[in-house]
Structure formats: C-alpha cells, structure tokens
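Participant: Position in the sequence shown (from 1) plus 1 gives the number in the working numbering.
Treat the hints with caution; some may be incorrect.
Okay, derived cross-link-like pairs now, DSSO-like style, lysine-lysine, Cα gap no bigger than 30 Å in a straight line [claimed, not checked]: (1) 180 x 138; (2) 74 x 313; (3) 313 x 299; (4) 388 x 201; (5) 306 x 295; (6) 299 x 201; (7) 107 x 74; (8) 313 x 360.
Computed beta-carbon distance windows for the label pairs [unchecked claim]: (9) 38 x 152: 18 to 28 Å; (10) 373 x 299: 26 to 36 Å; (11) 351 x 215: 35 to 45 Å; (12) 150 x 312: 33 to 43 Å; (13) 225 x 318: 27 to 37 Å; (14) 99 x 206: 36 to 46 Å; (15) 388 x 234: 22 to 32 Å; (16) 245 x 282: 38 to 48 Å; (17) 317 x 373: 31 to 41 Å; (18) 180 x 346: 28 to 38 Å; (19) 80 x 180: 51 to 61 Å.
Because the hints were derived from the structure by calculation, they are not lab data. Values in this document were obtained by computation on a predicted structure and should not be read as measured data. Just so it is clear, CB atoms sit at the ideal spot from N, CA and C, and this is done for glycine as well.
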Amino acid sequence: MSFDRSNLTRRRFMSNFAFASGALATGVGSWVIRPDWANAAEGPIKVGIATDLTGPIAYAGNADANVAKMVIKEINAGGGLLGRPLELYVEDTASNESVAVGNVRKLIQRDKVDMVLGGITSSMRNAIKDPIVARGKTLYIYPQLYEGKECTPYLFCTGPTPAQQCDEFIPWLIKNGGKKFALPSANYVWPHTLNVYARKVIESNGGEVVFEEYYPLDQVDFSATVNRIVSNKVDVVFNTVIPPGVGPFFKQLYEAGFLKSGGRLACVYYDENTLNINQANEIEGLASCLDYFKVLTKDDPVSAKIQAAYEKDFPGNFLFAAGSAATGTYRGLKLWEAAVKEAGKVDRDAVAAALDHAKIAEGPGGPAEMVPGKRHCKMNMYTAVAKAGTYEVVARSNGLVDPKEC
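Could you put the whole structure together from the sequences, leaning on the hints where they help?
Facilitator: The structure is reproduced here in structure tokens:
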C-alpha cells in the first residue's frame, strides 16, 4: 500500500497532503486509504479506525492513525489477508463524544467495515461501543491503557489495566519514594476507578493515601492542591490529572519545591509524548509504568525495528508511544490479523472466537497474548523514570503480566 495523494480520498476539511504526511486535522472528517492492488473476486477487507485527529489529545489520535496506516501497509505488502487487500477507513472522533458517535456510525452503516479499532479516553469508548458492537454488530478493539471493568462481548482491550500498571509499580514507588501518597485526579471515570485499585495496593503495601481529590478537566490553577501536598509532606504524587491541566499542575508543584524536598511524581499514562508538556527539570524523576518505552529499542531488536519503521514513515511530532495507545493499536491490529488468519474469514463470530486466544510472538515491548475468555491482553510491563528529558527503565516484569479483568 502506498500513501501518495492518488490513494487518499478527501471527504471534508483536510487536504490530501496534510493527512498523508500526518499533519493535524483542521476539522472533523472522514478518509479512506485504498490499497494499491485489488482483488476483484471478493473485494478488500475493510478496517475502521476511529480516533482523535483533532482536539486536546490529537497528538495521541494522530499517532494511532499513523500506526494503523503503517501496519496495514505492511500487511498489504505481504499479500494482504486471506488473499485480499486491506482498505483503511479513518474517522475523526475529535475528542468529542457526540461528534464521534455520528462519525463511527458512518464506518458501520456507510463504509460497512469488518472491524473498528480506536477510542482513547474511557468516555469515548463508552460513547462509541454500543453503535459499534450492539447496534452495529461489528468487532471492536480498544487499544488504550484504561481503568478496567470493560467486559462487553465482541469488545477486546489491548492496552494495560490497573493490575498491570499498579501491582509492581506501587511497591516500587513506596520503596523509591515513600509511604505517603496523594491522588490528585481529573474528574472522570478512568481516575475514579484506577484510584480505587491503586488505593488498595498502596494500603496493602503499608502506604497511606493522605488525600484523593477530583478536579474539572479544564482546571489549570492547582495552588490549593499544591499547598496540601507540601504541608502534608506527601512523598508520592500519584497523578491522574490529564491535559490541559497536568502541565500547569506539575509546574506549580515544581515551583513550590516538591521535587527539591525529595518528592516523587508518578503518572501511569506518561510516555515520550507527554514528557514534552513541561520543562525537563519540572518533572525530573517522574516515574511511569507502561508496556513500552522507546529506550527499550537499545536492547530489543523487534522494538527497534518497529520504532524505526514508524519514524521513517511519520517523522514529526506524533510519536510512537505507549501512553497514547500507539502500542495497543499495533498489538490490536496484529492480534486481529492472527485471528482472521485462523478463522479463515472476517465473520464477526469466527474472528472473535479466534481473537479470544490470539497471540503474537513479536511486538513493541515484547510478545502479547489474549487471556482466553477475558478479552484482555497479557503483556510485558516496564517502570521508567524521567531523567533530563528522556526515560530510563528501572524495573521490568518477569514475563507477561495478567490483566486480571473480567
């Protein structure tokens, strides 16, 4: 598959060149990327991507769309699937649930895709899953790290869960930060549910939650929170505030001397994309736990190959990073590819049955496998610390970690 201008159909607002080169969308739209070969007998297998090309988390959505283009290009270059080419349909969910629902319906009703992959926030997944799975009778793969508890039939999750992100990470934080935790949080489903799990792990390991608070998603003044953290001598700030608030929050904490006095920042969605929100010194020592960090490419040839292929196709600001669901998108598409091959057809029930136990031997950060009957994915997990604007891996799981869901 090639991504030249002749293979892109523009439907609304965005120039062919902009999308092909990965530039930010200028509005809500739909695109199709056609393979450069066709199988007239059966026609292409249609893959739908629904992700945030515009809005506050467009940096993540554009990366995910890029990963889908890259993987599908590779599959088509290798002869497609079941002898058929893949055709990629991309819809902008625009970081807006009401826009997203209408656009996702287009994938199902107009484009008649065989599978939909996408959604980043949990509120987005909850908005689009029913139009895809229940009313749309279509397979749905959700690639982002999230709060767990999603056990809908035909919905498969390929990002980390609270068990994968907390069970080994929080004991590391207690050992390498201290016992007194604060849980400052954005007020939506992911932080609320993750914090319930995190609190259990903190307390069962001898730690203490000094306070847990929730703020509007657009809040940027955190002076009262910073004062509480400093005056209570909190050791670890286990943060689930998200953009746009997280940058000002970390800056205000730094200016109040939290890091200077030995405090530790922790944030489980922080990856190479989010490192750039603040000056490096404002988040020095921040710890994160994810399924992949770019630094792994130094000693993992497979990760290095995937990372290099992405950077060659998509140079620029939309980085291949785990917290942005790029790794879950890669994993989801490759697991789906394995399932379609095993099923021998694209029928939803047949593919879902094969996807239930699908495995890939290679992927970013290592192999992965679905846990049969659970629709969640086992994967390697890594703890990394921010140092001078980059990451250093300080701990890694002993093999694939169970998601403990459903």
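Participant: Mind checking the alpha carbons of residue 313 and residue 360 for me, to see if they're no more than 30 Å apart?
Facilitator: Holds - the C-alpha atoms of residue 360 and residue 313 are around 27 Å apart, at most 30 Å.
Participant: Regarding the pair residue 107 and residue 74, is the alpha-carbon distance no greater than 30 Å?
Facilitator: 23 Å, holds
Participant: Please test the hint of 33 to 43 Å on the beta carbon pair from residue 150 and residue 312.
Facilitator: 35 Å, holds
Participant: In this structure, is the beta-carbon distance linking residue 351 and residue 215 contained in 35 to 45 Å?
Facilitator: 43 Å, holds
Participant: Take a look at whether the Cβ-Cβ distance between residue 99 and residue 206 falls inside 36 to 46 Å.
Facilitator: Given a distance of about 42 Å, which is inside 36 to 46 Å, the answer is holds.
Participant: Given the proposed pairing of residue 306 with residue 295, does the C-alpha separation stay at or below 30 Å?
Facilitator: With a Cα-Cα distance of about 11 Å, the restraint between residue 306 and residue 295 holds, given a limit of 30 Å.
Participant: Quick one: are residue 80 and residue 180 within 51 to 61 Å, going by C-beta?
Facilitator: 56 Å, holds
Participant: Quick one: are residue 180 and residue 346 within 28 to 38 Å, going by C-beta?
Facilitator: Violated, at about 54 Å.
Participant: Between residue 373 and residue 299, does the beta-carbon spacing fit 26 to 36 Å?
Facilitator: Distance hint for residue 373, residue 299 holds at roughly 34 Å.
Participant: Taking only the CA atoms, is the gap from residue 299 to residue 201 under or equal to 30 Å?
Facilitator: 35 Å, violated
Participant: So the hint says 22 to 32 Å: do the beta-carbon atoms of residue 388 and residue 234 match that?
Facilitator: Given a distance of about 24 Å, which is inside 22 to 32 Å, the answer is holds.
Participant: Assess, step by step, whether the Cα of residue 388 is no farther than 30 Å from the Cα of residue 201, and give holds or violated.
Facilitator: Answer holds: residue 388 to residue 201 is near 29 Å, not above 30 Å.
Comparing the model with each numbered hint stated earlier shows that hints 1, 6, 9, 16, 18 do not hold.
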